[in-house]
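Asks: Spelled out, the chains give:
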Amino acid sequence: MLAISIEALIKIALLMGGLMTAAAYFVLLERWIAAWVQDRKGPNRVGIPFTKIKLFGLGQPLADGLKFIFKEEHTPRHVDKILFTLAPISILSAALAVYACIPFGSVLPKGAIPGVDHQIELIAAPGIDVGMIYIFALSSIAVYGVILGGWASNSKYSLLGGLRSSAQLIAYELPMGLSIIGVVLLSGSLRLEDVIGSQASSGMWNAFAQPLGFVIFVVASFAEAARLPFDLPEAEQELVGGYHTEYSGMRLIVYLIAEFLHMITASFLIVILFLGGWHLWGITGSTNEVTWFQAIARIVVLNVKIFGVIVFFMMIRWSWPRFRFDQLMSLAWKVMLPLGLVNLVAVACFVEYEAPLKAKLGVLGLTAAMWGLSLLAWIAAGILAPLHTDNSARKDEFVLAAEDRNLGLRSHV
Amino acid sequence: MKPDDPKVKWVEEPKLGLAGKMYLPALIQGLAVTTKHLFAPKMTVSFPEQRPEIGNPLIYRGVHRLNKDEQGRVKCVACFLCATACPAHCIDIIAAPSPWPDRDKYCESFTIDELRCIFCGMCEEACPVDAVELTSLFDLTGRSREEMIFDKEKLLSVYDMTKDAEPMKSASLGGAP
Ligand code: SF4
Ligand code: SF4
Chain Y
0 MLAISIEALI KIALLMGGLM TAAAYFVLLE RWIAAWVQDR KGPNRVGIPF
50 TKIKLFGLGQ PLADGLKFIF KEEHTPRHVD KILFTLAPIS ILSAALAVYA
100 CIPFGSVLPK GAIPGVDHQI ELIAAPGIDV GMIYIFALSS IAVYGVILGG
150 WASNSKYSLL GGLRSSAQLI AYELPMGLSI IGVVLLSGSL RLEDVIGSQA
200 SSGMWNAFAQ PLGFVIFVVA SFAEAARLPF DLPEAEQELV GGYHTEYSGM
250 RLIVYLIAEF LHMITASFLI VILFLGGWHL WGITGSTNEV TWFQAIARIV
300 VLNVKIFGVI VFFMMIRWSW PRFRFDQLMS LAWKVMLPLG LVNLVAVACF
350 VEYEAPLKAK LGVLGLTAAM WGLSLLAWIA AGILAPLHTD NSARKDEFVL
400 AAEDRNLGLR SHV
Chain F
0 MKPDDPKVKW VEEPKLGLAG KMYLPALIQG LAVTTKHLFA PKMTVSFPEQ
50 RPEIGNPLIY RGVHRLNKDE QGRVKCVACF LCATACPAHC IDIIAAPSPW
100 PDRDKYCESF TIDELRCIFC GMCEEACPVD AVELTSLFDL TGRSREEMIF
150 DKEKLLSVYD MTKDAEPMKS ASLGGAP
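Those protein sequence lines, which keep their order, are chains Y and F. Quick note: the first sequence uses numbering that gives the first Met the number 0, first residue 0, plus one each step. Quick note: the second sequence uses numbering that gives the first Met the number 0, first residue 0, plus one each step.
The following block holds chain Y by itself, in its conformation from the complex (with noise of 0.2 Å):
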């Protein structure tokens, strides 16, 4: 009992620390990133203090942790303040806790540490069947932490921002979780290490297998993790501030840290549901039972795809123009959940008559298959969706309206 809970508490400690610092250094590669897009060289001069020592600017997340320990801590008079300092505490917590169920790793070898009889499995809560309800049930809290804290802002522009935003991420969480029981159904379990235990064993990751779930579900994530092109929960500039625009000092950076921390996630899940997780083929192996080199290996190239499809996050920032909302709501409801659907059945079909179909097709013809599909009710989304993206006036529209206005006009004289 003892030797599980250090180890637990040991796991914790890790994947905290590990968050905590990659959350700061994220913010770094985000600025460095949006610099050298606009052809600037970005954050450079913050090294080590008290040395001219630059490190390429690796100081700067330390330099801005010491920022916001100074910053004032203001809290407007009109506020209620418990439900004020709750909403970003309930946001952070249920994005930390959500790490619960997340391996950030495979397994270590047998015997690998003196004294523990079991496998050590690299998941702070190994072996919870539920795993996968539980991480979006808990990922679904944010929304909680939105309207909270519109809410308790006392301020009507922080109340419709907080509706905008949780609209949206209500919106978004349908289509995500159709595509996410096309995965379950494929691997048959909803447990984050099954899923990439079978995409291991069988060599085929569920992007490949159903591409239309996995376009589905980054697009989903993008909006729940409300980064561009979904970023309408805080456009600060643009849209007179979200649902924190009474919120500063520690507070916000809370709120900013758990917005970072849901990408984190997001990748994570990309990662792990859609790419395979830390399988690599030929490298890593796909049973239990490991060597030291496939353990480390494993958790090397988990780590390098989830950072690559962070820097895809943040590149996908600078190549997209934001939606405006209305189009936000149509892409989700009449593009997105049609589309999670034809999937569903899709992929509810290959998993019922996979057997006879592979002797008929082949695995690559089945695959072909799953893709032609795909292809095809995206070009049926594009084609049949209305489109919402052109604003631009008619002439014909305002003729309309100029008559519609002569005969208001008239029948009061």
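Do not take every clue at face value.
Stated by the list, open to error - No more than 30 Å apart at the CA atoms, straight line, and that leaves these computed lysine-lysine pairs for BS3-like: (1) 20(F) - 6(F); (2) 40(Y) - 151(F); (3) 41(F) - 40(Y); (4) 51(Y) - 14(F); (5) 67(F) - 35(F); (6) 333(Y) - 20(F); (7) 35(F) - 53(Y); (8) 53(Y) - 41(F); (9) 168(F) - 66(Y); (10) 70(Y) - 80(Y); (11) 162(F) - 333(Y); (12) 151(F) - 162(F); (13) 20(F) - 41(F).
As the list claims (entries may be wrong) - For each label pair, taking beta carbons as the anchor points, the in silico distance ranges come out as: (14) 5(F) - 323(Y): 30 to 36 Å; (15) 41(F) - 355(Y): 38 to 44 Å; (16) 124(F) - 19(Y): 53 to 59 Å; (17) 5(F) - 76(Y): 44 to 50 Å; (18) 188(Y) - 9(F): 58 to 64 Å; (19) 50(Y) - 97(F): 53 to 59 Å; (20) 323(Y) - 141(F): 25 to 31 Å; (21) 361(Y) - 43(F): 41 to 47 Å.
Hints are computed from structural coordinates only; laboratory data are not their basis. Beta carbons: idealized from backbone N, C-alpha and C, even for Gly.
Let chain Y serve as the given structure and place chain F with the ligands on it in line with the hints.
Replies: Okay, now just chain F with the ligands, sitting in the frame of chain Y:
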């Protein structure tokens, strides 16, 4: 204005093609552009170590200076034109009878509040004798508000500092020396 007014020119946007409606091709295009810039040469000027190059220092509007004539006297004749022209009201002049025979007045005190100045260059335009000029010094800093109020001595010392790099504009632009 009516929508069917012949003077109104209506422009129809080109219709989105299939690739545009598919979202993904456009996304990949955008990514390609950003990725290209990721590795493009950077244009950052690391300021204190590296000075930015100012295109033409003669038309740059930085810190002011008060020019001196050949005998080292201040050129200003205390006509108040610059103070009148200044939209920010930051020039303060006290005139006194001139000790020199070639003019009636000179400025006993001449202060410019650099904190209020908007560097519009109107004072330079207004001066009939080209006494006040803007230089290309742009890194104007101070530790207090008082330090940023430039008096006559300071403005004259700016002239001494910049006269070699930036000759008096009136000469080069064809005005009276
Ligand atoms: S530059 Fe403009 S604002 Fe500044 S002192 Fe001259 S006239 Fe005034
Ligand atoms: S600086 Fe020029 S414009 Fe201003 S008072 Fe002196 S002579 Fe007149």
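Asks: Now tell me, hint by hint, if it's right for this structure.
Replies: Verification of the hints:
1. Taking the CA atoms of residue 20(F) and residue 6(F), the gap is near 33 Å; set against the 30 Å cutoff, the hint is violated.
2. Restraint check for residue 40(Y) and residue 151(F): the C-alpha separation of about 41 Å exceeds 30 Å, so the hint is violated.
3. Restraint check for residue 41(F) and residue 40(Y): the C-alpha separation of about 6 Å stays at or below 30 Å, so the hint holds.
4. For a cut-off of 30 Å, the pair hint linking residue 51(Y) to residue 14(F) is broken: about 57 Å separates their Cα positions.
5. The suggested pairing of residue 67(F) with residue 35(F) is violated, with an alpha-carbon distance near 53 Å, which exceeds 30 Å.
6. The suggested pairing of residue 333(Y) with residue 20(F) holds, with an alpha-carbon distance near 14 Å, which does not exceed 30 Å.
7. Taking the CA atoms of residue 35(F) and residue 53(Y), the gap is near 27 Å; set against the 30 Å cutoff, the hint holds.
8. Between the alpha carbons of residue 53(Y) and residue 41(F) the distance comes to roughly 19 Å, so the proposed pair stays at or under 30 Å and holds.
9. Taking the CA atoms of residue 168(F) and residue 66(Y), the gap is about 46 Å. The hint is violated against a cut of 30 Å.
10. Distance check on the hinted pair: residue 70(Y) and residue 80(Y) sit about 19 Å apart at the alpha-carbon level, within 30 Å; holds.
11. Between residue 162(F) and residue 333(Y) the CA atoms are separated by roughly 69 Å; this puts the pair beyond 30 Å, and the hint is violated.
12. A distance of roughly 16 Å separates the Cα atoms of residue 151(F) and residue 162(F); the hinted pair therefore holds under the 30 Å criterion.
13. The straight-line distance between the Cα atoms of residue 20(F) and residue 41(F) is roughly 34 Å, outside the 30 Å bound, and the hint therefore fails.
14. Between residue 5(F) and residue 323(Y) the beta carbon distance is about 32 Å. The supplied range of 30 to 36 Å therefore holds.
15. A beta carbon spacing of about 58 Å between residue 41(F) and residue 355(Y) contradicts the range 38 to 44 Å that was offered as a hint.
16. A beta carbon spacing of about 57 Å between residue 124(F) and residue 19(Y) agrees with the range 53 to 59 Å that was offered as a hint.
17. For the pair residue 5(F) and residue 76(Y), the supplied restraint of 44 to 50 Å is violated, since their beta-carbon distance comes to about 58 Å.
18. Checked against the hint of 58 to 64 Å, the pair residue 188(Y) and residue 9(F) passes, with Cβ atoms roughly 59 Å apart.
19. Evaluation of the 53 to 59 Å hint for residue 50(Y) and residue 97(F) yields a pass: the beta carbon distance comes to about 57 Å.
20. The beta-carbon spacing between residue 323(Y) and residue 141(F), approximately 46 Å, falls outside the hinted interval of 25 to 31 Å.
21. In this structure the hint that residue 361(Y) and residue 43(F) lie 41 to 47 Å apart at CB is violated, the actual value being about 55 Å.
In summary, the structure is inconsistent with hints 1, 2, 4, 5, 9, 11, 13, 15, 17, 20, 21 from the numbered list given earlier, while agreeing with the others.
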